[in-house]
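Given the sequences, and given the hints that come with them, work out the whole structure.
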Amino acid sequence: MSYILDALKRNASDAEVGHVPSIHTQSGVASKASAQRFVWPIVSLALVVAAIASALILQPWNRQSPEAEVIVADVPPTDVELLGSVDYSQYPARAKVVIAAVRVPQPETHTQPLPSSPVSAGIANGERKAQAIVEPKVDHDSDLDRGTGEAKRLSGSELEALFNQAVSATISDNPKSMVRQDYQSVEPLTRKPQSYQNQVPSMNFNAHSYSSDVQKRMIKVNGSELREGDWIGNDVQVQAILPDRVILEMQGQQFTLPALTDW
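Here the working numbering is used: the first residue of the sequence shown is 2, the next is one more, and so on.
Keep in mind the hints are simulated off the structure, nothing from the lab. Any given hint could turn out to be false.
Claimed, not checked - Beta-carbon label-pair distances, calculated as ranges:
| # | residue 1 | residue 2 | range |
| --- | --- | --- | --- |
| 1 | L48 | D75 | 50 to 60 Å |
| 2 | W232 | S210 | 11 to 21 Å |
| 3 | V105 | D263 | 49 to 59 Å |
The structure displayed is predicted, hence computed values, not measured ones. Using N, Cα and C, we set each Cβ at its ideal position, and we do this for glycine too.
See below:
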């Protein structure tokens, strides 16, 4: 019993003082640490070698694709029926289609001979008035030879006399008619010199009326109705009123202006 108590006291004293390893204990610990120092590099090297080997084995370029198996199957023969030639002799032949030509009647055209002498017409506010053609009156009794029935030949002087007679008869039938002068040679105002154009007064044409009767021809300039022979202000005189233009005169020179054209 005393032995047990002594052992307990010794353990208690060791606990209070602390465990001090002996020389044998220190050598064992050093040998164990040196052994562990060599074990870890070996294990690491083994792991690296194993990883490289597994990578080489598992890479896709090292794998060989399995050869595809070729299966040859027999295709069953298909029954193809070929059509034979058709015999058209059993069918009735078609009748030929004939299209009859139809002649379309052309409308009849009536032509009239042209008059031997020209016929002119005057224009008045969009209306035409045909001028009467006065033929010279010929005394058929005097011109025809009653015995032979042949016409006498007239000389040049006789024909000229008949023509003058016809003209005088036309003027006497219509005293208001006037022989139309030729104004084709009259130049437009725009072709006159610039100095002449600057002297022409301003003109505002409001109306233009043409008639075969001279007395019915009228233009309205600057609000005033004028006829042939009237004056526009003190410088310009109306010489003639034509269907499409007006003949004016200033300083002894004639010029034309289109109808209803302001200046």
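Hint numbers not upheld by this structure, sorted from lowest to highest: none
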